[in-house]
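**Student:** Chain A is already provided as a structure; the job is to place chain B on it using the hints.
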Amino acid sequence: MTDTYAHLVNQGLGRNVAKRLGLPQPAVLRRYRPGQPLITGPIVVQGNTPGADNLAAELLSWDLDVRRHAVPKEKLGAIIVVLDDVARPEDLGKPVLAAAASLRDLGPGGRIITVSRPASDAATPAQAAARQGVDGLLRSLAKELRAGATGNGLLLAPNVETTSPGALAAVRFFLSGRSAFVDGQFLTVSTAAGEPPRNVEKPLEGRIAVVTGAARGIGAAIARTLHRDGATMVLVDIPAAGDHLAEVANEVKGTALQLDITRDDAGQRILEHAVQRHGRLDIMVHNAGITRDKLLANMDESRWNSVIQVNIAAQLRINEALLASEHFRSSPRIVSVASTSGIAGNRGQTNYAASKGGVVGMVRATAPLIAAHGGSINAVAPGFIETEMTARIPFALREVGRRLNSLQQGGQPADVAETIAFLASDAAGGINGEVLRVCGQNLVGA
Amino acid sequence: MSIDGQTTTGPDEAGASAAASAPGLRRAVIVGGNRIPFARAGGAYAKSSNQDMLTAALDGLIARFGLQDERIGEVAAGAVLKHSRDFNLTREAVLGSALSPETPAYDLQQACATGLETVVGLSNKIKLGQIDSGIAGGVDSASDAPVVVSEGLREAILDLHRAKSLPQRLQILSRLRPKDLAPLAPGTSEPRTGLSMGEHQALTTSQWKVSREAQDELALNSHRNLAAAYDAGFFDDLLTPYRGLTRDGNLRADTSLEKLSGLKPVFGKNLGADATMTAGNSTPLTDGASTVLLASDEWADARDLPKLAAVVDAEAAAVDFVHGKDGLLMAPVFAVPRLLARQGLTLEDIDFFEIHEAFASTVLSILAAWEDEDFGRTRLGLDGAFGKIDRSRLNVNGSSLAAGHPFAATGGRIVASLAKTVHATARAEGRPVRGLVSVCAAGGLGVAAILESL
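Those sequence lines, one after another, are chains A and B.
1 is the number of the first residue of the first sequence in my numbering; add one for each residue after it.
1 is the number of the first residue of the second sequence in my numbering; add one for each residue after it.
No wet-lab data here; the hints were simulated from the structure.
Keep in mind the model is a prediction, meaning the values are calculated, not measured.
Glycine included, C-beta positions come from ideal geometry on N, C-alpha and C.
Please note: incorrect hints may appear among the correct ones.
To be verified - Coverage of chain B stretches by chain A, computed from C-beta distances (three or more under 8 Å per stretch; other residues unrestricted): (1) 62 to 69; (2) 216 to 226.
What the hints assert, rightly or not - Reference excerpt, derived from the structure (chain A facing chain B, CB under 10 Å, subset only): (3) Thr163; (4) Ser164; (5) Thr191; (6) Ala192; (7) Val234; (8) Leu235; (9) Pro239; (10) Ala241; (11) Val248; (12) Gly254; (13) Thr255; (14) Ala256; (15) Leu259; (16) Asp260; (17) Arg263; (18) Arg277.
So that you can see chain A by itself, here it is in the shape it has in the complex:
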């Protein structure tokens, strides 16, 4: 699971050789550690709208070094380009070129964030053009960034301000090391819902969270991350994985629930356990998933059905039970793990991609249902993540898989976990029905 190449080109001789030969030089990403500052170096907020002014003022109140104008040659932590009221494509030039002037000063692990509005509800074709232009701009810019810097965009629905809780939560996430492997992505904040965090170090304090597939890999990382952020954990995995599950449960001081999620009563069993021990359930993370890869021509019924059952049918049944329960009513959050395979497709994974595409569909359709209870449902779509599963991919294929993204490396299970913790937080309440990719801007797919 270690990326030996990345290790090699980040020190001494290896660094020089890679540089001279023009080989990829994946950076060591800036990842979140508790107690670490949100970002090091000044943040420049470009744009002269009220939205830009308000956002700059809010960031200032977080004790950040906020500038409205860059000083040449000064290393920057982040550049936020606020484009929330562009009316014509011509309006993009001034703020974007102002940001361009300080791009070379962006430090390692720096951040670019655009703040704009969705083209879908633009008033005029010109406004739609300007708004959609931000999409192409940001995705291209993200590919130009180096040294672990990333670029991501916020899309604010009409009634959402740059200082709405969801917008601020997303800005905080994108600035921090929590979003290390999220690159070239847009995230829509659709409502002004959400509560600002009372304790930014423990944003999930007092919340009761369930994670499926928690015995190993990404699931175990999710359990650790949610626990670190203050949540009380219930860990679910199949009975046969109980020994690993117990280890993780004891590490995060939670409880282990050995349960096959494809059982008809799985949702009920999860609820019973959470309610008996904790009185309620607040956060449901659907992480459990399996692969049974075969070209479709060689696919058999058992491979197809087991993947559909575990990866999507079980989630639908569990969600139905949760949404019907009075014990899932306290700002409930559901976060599901999709996959870039479900978005872009992957040879040999028709069953898996069908199930993960299904997750995306489920999340979008469930959003209004859970919003009625003041909650949200979202998905993360991991790209190439360094896990036991990807470690089994043949060497050459694995090397290609790793490098084919803007950050030229695979992500860590913790990167997926951080994104899930963010979407599960109270502050992210205004984000609903979204799919956020954790893929380092994989060259394949949207």
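**Tutor:** Using the frame of chain A, we list chain B on its own:
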């Protein structure tokens, strides 16, 4: 009332449910349990020590109920086959677990009744108010059994240690003969008779005329019931996998009467036609560990933990097998009537029976004795037979013949499974449900206990 000359206390003398409801005593409840799958000796756990397995069983229990860093009132466990280095086995397992290191622990040993006796002892402490919570358990490894040096070598080593001069040492060494250097394999023979447990049981089997067919049928039911329990997910919250094993290694879900009846007798071969005990209707040597979480109502309620059943009462008995008065494993025949009498209960008041299957014929001999009018009158001091058990209420989720029998771990396995069974039945039927556990043990010992649903 007198049973076999051993005075007993009947309900008319001490009042019913003395142990459960006597003034000043509170209730001891079973919260749940955890065990690792049992493995045949030399199998999946061949390289695991008693301490490894007991720690794994504890950690699974801790994970199931979220007991990390908890200071439990006391942990009691034991092993029958035990290395001398494991003088503090349970405490060492606690220190290696996720419990608070400030959790006290003690070892207990009562042959195969060890596991059940830890439940009884800790329940009593809870009832007395000495502790609020306890974890009872047991572990045994037939694979990692202690190997002992010969008595000659042992004496020589000790003498060498005491010797002061070289000539003295040489003199001691010259005493040694090649046979002294051969290690002694661990044995389960009775020290006073030299007979193995199987040979003892073969005599009892013959005495009670237990047929081969009846034994094979009981063994078949054990495998079928255990397999069905696994398939129904019964063990999902009673067991945590260990070292790649997710089910008991001894379980043969596909066994049949044909297969069982084809096996050759292994015990009592000198009995001719009465040789009926095979590897199929006897328990194999097994490795494994089990734990049971016990608590007062207050302690369980404060942590929102489930309460499956109360430990009502228990009784130990022993028989004079040395002089052949009773069979080695027949003590439960006396323990159960005394226990039920003290509680003012009869066999009809018990919904589920868990009679440990040391051998299929052990269970059948016990049942035969209880059904025997003469035995009831002359040995149990009753008016007639003690009674007949409805077989559909016996070992309903399988027992030791299928699961295997890591000696000290069997009690915890039975208690946790029975507590879950009486609780689920009580919920489904809306009435209190009682279960009886009986475990026979080496040395002519037997322990029985009553659980009642909550």
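**Student:** Next, verify each hint and record whether it holds.
**Tutor:** Taking the hints in turn, this is what the structure says about them:
1. 62 to 69: holds (count 7)
2. 216 to 226: With 0 residues closer than 8 Å to chain A, the segment 216 to 226 of chain B misses the three-residue bar; violated.
3. Thr163: violated, 39 Å
4. Ser164: violated, 37 Å
5. Thr191: Check failed: Cβ of A/Thr191 comes no nearer than 34 Å to chain B, outside 10 Å.
6. Ala192: The hint is violated - A/Ala192 has no Cβ within 10 Å of chain B, the shortest such distance being about 36 Å.
7. Val234: holds, 9 Å
8. Leu235: holds, 8 Å
9. Pro239: Cβ of A/Pro239 sits 5 Å from chain B, so the hint holds.
10. Ala241: holds, 7 Å
11. Val248: OK, holds: A/Val248 within 10 Å of chain B, min 8 Å.
12. Gly254: Because about 6 Å separates A/Gly254 from the closest Cβ in chain B, which is inside the 10 Å limit, the hint holds.
13. Thr255: Hint on A/Thr255: holds, closest Cβ of chain B at ~4 Å, below 10 Å.
14. Ala256: Holds, about 4 Å.
15. Leu259: With a minimum Cβ separation of about 7 Å from chain B (threshold 10 Å), the hint on A/Leu259 holds.
16. Asp260: holds, 7 Å
17. Arg263: holds, 7 Å
18. Arg277: holds, 5 Å
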